[in-house]
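With the hints as your guide, set chain B onto chain A.
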Amino acid sequence: MTAFLTIIIVLFIAVAIWQMVKIFDLAQAGSNESAVATDKDNKINGYLMMGFLAFIYIITIVSFWYLGDLPLMSNSASAHGPELDNLMIISMVIIFIVQTFTQFLLHYFAYKYKGEKGKKALFYADNNTLEAIWTFIPVVVLAGLIIYGLFTWNSIMNIDESEDPLVVELYAQQFNWKARYAGEDNVLGMANVRLIDIDKANILGLDESDPNAQDDIITTELHLPVDRPVLFKMRSQDVLHSAYMPHFRAQMNCVPGMVTQFGFTPTVTTAEMRQNPDIVDKVKHINALRAENKEAIEERGQELIYEFDYLLLCNKICGKSHYNMQMKIVVETQEEYDAWLKEQKTFENSLIKEDLKSY
Amino acid sequence: MSAHADTHAHDDHGHHHHKETFVTKYIFSQDHKMIAKQYLITGTIMGVIGVLMSMMFRMQIAWPEEPNVLFEALLGKWAPDGVMDADIYLALVTIHGTIMVFFVLTAGLSGTFSNLLIPLQIGARDMASGFLNMVSYWLFFLSSVVMIISLFVEAGPAAAGWTIYPPLSALPMAQGGSGMGMTLWLVSMAIFIASSLLGSLNYIVTVINLRTKGMSMTRLPLTIWAFFVTAIIGVVSFPVLLSAALLLIMDRSFGTSFFLSDIFIQGEVLHYQGGSPVLFEHLFWFLGHPEVYIVILPAMGLVSEIMASNSRKPIFGYRAMIMSILAIAFLSTIVWGHHMFISGMNPFLGSVFTFTTLLIAIPSAVKAFNWITTIWKGNIQMNPAMLFSIGFVSTFITGGLTGIILGDSALDINVHDTYFVVAHFHLVMGISALYGMFAGIYHWFPKMFGRMLNKNLGYIHFWVTAICAYGVFFPMHFIGMAGLPRRYYTNSNFPLFDDLANANVVITVFALVGGVFQLVYLYNFFVSIFYGKRTTQNPWRSTTLEWTAPIKHIHGNWEGEIPHVHRWAYDYSKPGHDDDFVPQHIPLKEGEEELQH
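Sequence lines, in order, name chains A and B. Heads up: the first sequence begins at 0 in numbering that gives the first Met the number 0, then just goes up one per residue. Heads up: the second sequence begins at 0 in numbering that gives the first Met the number 0, then just goes up one per residue.
Any given hint could be a false lead.
[To be verified] Dumping the calculated DSS-like pairs for lysine-lysine here, alpha-carbon to alpha-carbon at most 30 Å:
1. B/K532 - B/K36
2. A/K119 - B/K376
3. A/K116 - B/K532
[As the list claims (entries may be wrong)] Just some of the chain A residues that point at chain B, by a computed CB distance under 7 Å:
4. I6
5. V9
6. T37
7. D38
8. L66
9. G117
10. K119
11. Q236
12. V254
I should point out that these hints are in silico values taken from the structure, not numbers from a laboratory. Every residue gets a Cβ at the ideal spot worked out from N, C-alpha and C, and that includes glycine.
This is chain A alone, in the form it adopts within the complex:
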């Protein structure tokens, strides 16, 4: 229905434009006005330039007002998150200062120096000092940002394996995720898609003869113990996918034919995050919106009430159902995690044995 209304509106706009065009045509036919801007045009458009400057400022403020609760800049749930958010905030502040200032100069000059007959512009072709100034200032600012950025990048990407991180494989396929835990030995068994044997339920292609593989655990939910470094090894069996975990400020592509990696330390459990005032507000807001759309949501077969969960999303176009490739992430205490893990089947036990099958 909304879509239909939109089309009607668009049609009306088209008709309105048509009418306006006709009026302008008629108005012009009689007058001797040339097609070149007159003083009157300069004046009107000069004022409109100031109006447009106001519009830019207003849309900035409105965007912040309505959309300014930016989950990617606050309430990170990983150890490196705050550092990254800091860099983001510094960059944003610089951007908004420069934006406000340069847009002002541009539009104000356009207004102030709008043309008038008989006026002559200043013949001003060059000034090396000015050029030097606005080369030098960006150099200094950018040098700062580059250095800060590179330090942050290196500390995120250099994974310290001496900290005994929990090794977890993220396995991507069209259109779902699997997680593989390394088990008690904390060593992932060898795997290759050529070893996939659907009949035996060896869905990730683990090497059945590899002793390290026997205690591996394959799950469809990602559980992580809080405050323990995790090292993710990413694989994909078909096309490119990207493992995006926005709350943890983490993302890495999954590439068929190679293993990629990313490491972080989750610092806030799911339960704690649900208590976070910002998240409580956000969830309340979302649920209010969902209550308004009750029918559509129930038609889709979704639960009406939304409860906060960390998510792993696919963030690289991967085919038809790319938009629905997700996995729930649960961060919990070590005890909860241990209890959960114990309930899961090891690879060895999940395999359908040849001898059983023959019966």
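Chain B alone, transformed into the frame defined by chain A:
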């Protein structure tokens, strides 16, 4: 040297009076002015298709899975009962990107204005090779036709995103669009690249060899500098995309494994072994990044020229502008890795590319400040072309600034492939380059068609477009910073993003209004070709040589001798002259000094 080239060109064209038939004049024309118009019209048609596609997928994003009469009418079997199919959504996104980047903003922009302005502004009778120029246009036309045919194949058009990363684009079983649709996409692009290379070589040779007497490189208008450097970037980087496309064709059709390895799909293991999709990403972005400068540099050139002319002031820092074009061109070839920070390449490479990428901000900042200083204390004539030029600087700044975030590898982790990226590149290269193109069209329409565009319609066109462009892309940054990934058919499976739904509706409304208002421009354009006011010789009172050529297009551009050049292109409001502009072909007065820094 140029004097010699001059006489040579003169002999070639000036005294030959070809018998022109309809076919040689309008279809297989070798005249650069006609070819420019052909590029512009073809680009416009492709642009209409590209914009329509974006309006359709924006409606899907705002009102997901709702029946829509428009979809039913335009998409046919891809919208059963008017509900858009997820596959066609991705196809629309893919073809929108491809058409806008390559067919509109590369061929439509560069093709039109390089062809129109290079010979006219440097004082040449035509391009170095009129024949190659004709071949270049017709190859472009052919590639457009193939691209459009690809929309109608059974399994659907290419749908792997305009970056067509394998394996998705390589395996027909991964996605319907990766069958015949992708084959045609690749064929179309291969033809397109051939067209672009012929065009670029022609531009380079023409600028180097056919400048009129007195037109030294440091007297060239900035438009020519921009086209010249753009052509060089094109020649350096487009062949790499061609190689990527050819290798992908080999992988798809001949069973090689350049980009594929260890793939299990639809219950079977494929034979591919040893290739890497990351290699494709490197090859693709080795063109893909310079491509954005291929798009934006000509727009910068046009805007510089129009700003000087309409401010009645010399462009500020002419040499610095040239240096920054060169710096941008050089840097553009060594920053491609910033599209790949999280592709799985070595993090150390990420550091290197962060460094080179952020360096580009320096020449860009210099250009922005120089434009602002150019209008300072000017006598600004608010012609539609000037409005679009000011709009260009505005969106270039807004869009460019967020590049500081995306170019920083650490920050990119978080916003990579979200709507933040979409907002960034649409403002900085999409909208900006479109503004540059519109500015160019409003400014040089009289040169192309001998008539003027209606300025009032131009004003409506600009102001509505300007507001809608910000309305669409400004809030989009925030949606991206909320973590919403791009290329999602619907966000309704993520209650997490439910609070962004209203913002998406607002964006779509701005997009629809902005899209519909382009009709004003189309009306103005096509009606003015036939019924516009007749132009005078030099309607904008500009200094460059094209305004000395007769209004009526003739083969060889000037009757009699080509004017000689005695000064740079920016003698606006020069003290000691009565007029507020001194054209390039006017000799220096006695005692007058030429500005040479």
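Tested hints:
1. B/K532 - B/K36: holds (19 Å)
2. A/K119 - B/K376: holds (9 Å)
3. A/K116 - B/K532: holds (22 Å)
4. I6: Cβ of A/I6 sits 6 Å from chain B, so the hint holds.
5. V9: holds (5 Å)
6. T37: Not OK, violated: A/T37 not within 7 Å of chain B, min 9 Å.
7. D38: Where the cut-off is 7 Å and the nearest Cβ of chain B is about 10 Å from A/D38, the hint is violated.
8. L66: This hint holds: A/L66 lies near chain B, its Cβ roughly 4 Å from the closest one there, short of 7 Å.
9. G117: Cβ of A/G117 sits 9 Å from chain B, so the hint is violated.
10. K119: This hint holds: A/K119 lies near chain B, its Cβ roughly 5 Å from the closest one there, short of 7 Å.
11. Q236: Holds, about 5 Å.
12. V254: holds (5 Å)
In summary, the numbered hints that this structure violates are 6, 7 and 9.
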